[in-house]
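Turn these sequences into a full structure, and let the hints guide you.
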Amino acid sequence: MTYQKWLMAIALLCTIQLKAQVSLVTLQASGLTCSMCSNAINKALLSIDYVDRVTANIKESSFVIRFKPAAIVNFDQLKKKVEDAGFFVAQMEATIVTNRIAISNDAHVDINGTMYHFLNTGDKVIEGEIHVRLLDKGFVSVKDFKRNARFTKMNCYQIGYMGSCCKKTPGSSTRIYHVTI
Amino acid sequence: MKRVIIYFLCGVLSWQVSHAQELFSLTEPASNMAAHSIGLRMNSTIMPDVSIHQNSIHYFPEVMVGISKRTMLHIESVVSSIGAHTAIEGAILYGKYRFYSEDDVHSHFRMAAYAQFAFNNSDIHQPAIDFKGHNTGYEIGWVGTKLVNKLAVSTSISLLHALNNSSNRVFIYGNSNRNAVGYTLSVGKLLLPKEYVSYQQVNMNGMMEIVGQTNLHTGRTFLDLAPIIQFIFNSKIRLDAGYRFALSNQLTRTAPEGWLFRFEYNIFNAF
Chain A
1 MTYQKWLMAI ALLCTIQLKA QVSLVTLQAS GLTCSMCSNA INKALLSIDY VDRVTANIKE
61 SSFVIRFKPA AIVNFDQLKK KVEDAGFFVA QMEATIVTNR IAISNDAHVD INGTMYHFLN
121 TGDKVIEGEI HVRLLDKGFV SVKDFKRNAR FTKMNCYQIG YMGSCCKKTP GSSTRIYHVT
181 I
Chain B
1 MKRVIIYFLC GVLSWQVSHA QELFSLTEPA SNMAAHSIGL RMNSTIMPDV SIHQNSIHYF
61 PEVMVGISKR TMLHIESVVS SIGAHTAIEG AILYGKYRFY SEDDVHSHFR MAAYAQFAFN
121 NSDIHQPAID FKGHNTGYEI GWVGTKLVNK LAVSTSISLL HALNNSSNRV FIYGNSNRNA
181 VGYTLSVGKL LLPKEYVSYQ QVNMNGMMEI VGQTNLHTGR TFLDLAPIIQ FIFNSKIRLD
241 AGYRFALSNQ LTRTAPEGWL FRFEYNIFNA F
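Those protein sequence lines, which keep their order, are chains A and B.
The numbering used here numbers the first residue of the first sequence as 1 and each following residue consecutively.
The numbering used here numbers the first residue of the second sequence as 1 and each following residue consecutively.
Keep in mind that a hint or two might mislead.
Beta-carbon label-pair distances, calculated as ranges [to be verified]:
no., chain 1, residue 1, chain 2, residue 2, range
1, A, L46, B, H53, 49 to 59 angstroms
2, B, P61, A, S47, 25 to 35 angstroms
3, B, L93, A, R150, 43 to 53 angstroms
4, B, F263, A, E60, 26 to 36 angstroms
5, A, K153, B, G95, 38 to 48 angstroms
6, B, G95, A, R175, 32 to 42 angstroms
7, A, G113, B, I140, 41 to 51 angstroms
8, A, L46, B, G95, 24 to 34 angstroms
9, A, G122, B, V197, 23 to 33 angstroms
It is worth saying that the hints were derived from the structure and are not from the lab.
Think of the CB as a built atom: it goes at the ideal place given N, C-alpha and C, for glycine as much as any other residue.
Right under this line is the structure:
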């Protein structure tokens with residue numbers, strides 16, 4: 001077993017003890033032309049039951065989303081709300097509060113039930129409040145998604161789910177969020 | 001008057017690019033309203049009818065529904081008021097499907113296909129096809145909207161076919177003249193506020209729209225120009241006012257020029 005795989009195995013074991021949550025999400029939407037468009041996104045995000053507060057910067061087309069205590073944040077749901085309003089996510093960053101955990105470059109880590117795949121990061125130990133940027137299809141521009149493909153050869157990056165690349169990890173239908181720090 | 005129009009058009013095209021709108025008055029952009037939202041509109045036109053020497057006033061109460069992020073529907077009724085006589089003359093069902101989106105933070109290009117079916121029971125008294133108060137028929141079209149650095153430009157092309165109106169009112173200009181091609185070009189620009197800070201700020205937008213139609217058999221054309229001023233309150237209420245000038249009325253209409261008004265209220269997450 002390689003050094004990286006050992007690290008991954010340790011990380012997976014650590015998740016049993018983890019208490020992690022997404023405390024904040026900042027997203028930038030693309031394609032907006034007016035305050036009415038921005039308001040449509042604002043109202044759509046507020047319709048999610050676990051969203052506590054949305055602070056919009058209309059000029060920058062960005063939204064800071066705060067969540068209710070113990071909320072289980074679904075990034076896909078946030079993206080869908082923006083798309084339902086008629087727009088797209090250009091960038092999404094999440095603040096995750098986590099216990100001490102080891103992460104490896106181009107490897108999966110389960111953080112409190114959500115599977116993350118860290119890209120373009122070194123092997124390191126993270127703890128407390130960390131900021132991750134989502135790199136999946138629909139969370140960045142099409143151009144950036146293609147550009148970031150150089151950071152991994154694993155197929156899960158393309159499909160967003162456990163693929164043939166992830167045989168050793170159970171649950172082929174598991175959603176994987178590809179992120180970078 | 002033509003000089004004023006030309007100055008206005010040049011002004012719209014040369015404004016320093018900073019913000020713009022695509023919420024046009026005479027045409028729909030390729031973008032849709034938010035899914036699960038409902039928009040309520042009251043549109044009105046006041047146009048002197050040269051054939052009867054009276055103002056022809058139309059009201060178009062309209063409900064818009066955002067079915068999904070790609071599809072929206074409009075249902076509109078046509079109410080005509082000439083002199084003391086006011087009557088419901090018809091209805092319009094309009095649907096639009098956005099099939100292409102290329103979005104970036106400061107630009108987008110979108111394309112949509114649309115279709116509308118209009119029903120009308122008024123008498124037919126002009127060869128130009130007008131579903132807003134004159135004809136029963138249908139239209140299918142394409143619209144493309146480009147936003148660069150928030151300057152919005154939208155264009156559309158469509159095919160129109162006039163049927164006989166209900167109440168046995170026949171399209172009297174001959175079967176070969178029932179088909180026309182429609183085309184539009186719209187430009188929009190945000191004038192105020194200079195900088196967005198809250199949803200409560202009043203937006204003021206200036207727009208210029210060109211609307212034309214050519215009969216496919218006779219080749220006769222009409223071409224109109226409409227400068228429009230628009231206000232948006234609380235980021236959900238719209239008020240538009242404009243004037244439609246006939247640059248060419250070769251394809252004859254009896255009331256080609258006049259005032260346009262629109263009031264719109266949007267309900268987000270309505271269902």
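Hints and how they fare:
no., hint, verdict
1, A:L46 to B:H53: 49 to 59 angstroms, "holds (54 angstroms)"
2, B:P61 to A:S47: 25 to 35 angstroms, "holds (27 angstroms)"
3, B:L93 to A:R150: 43 to 53 angstroms, "holds (49 angstroms)"
4, B:F263 to A:E60: 26 to 36 angstroms, "holds (30 angstroms)"
5, A:K153 to B:G95: 38 to 48 angstroms, "holds (44 angstroms)"
6, B:G95 to A:R175: 32 to 42 angstroms, "holds (34 angstroms)"
7, A:G113 to B:I140: 41 to 51 angstroms, "holds (49 angstroms)"
8, A:L46 to B:G95: 24 to 34 angstroms, "holds (28 angstroms)"
9, A:G122 to B:V197: 23 to 33 angstroms, "violated (40 angstroms)"
Violation of the numbered hints given earlier is confined to hint 9; every other hint is satisfied by the structure.
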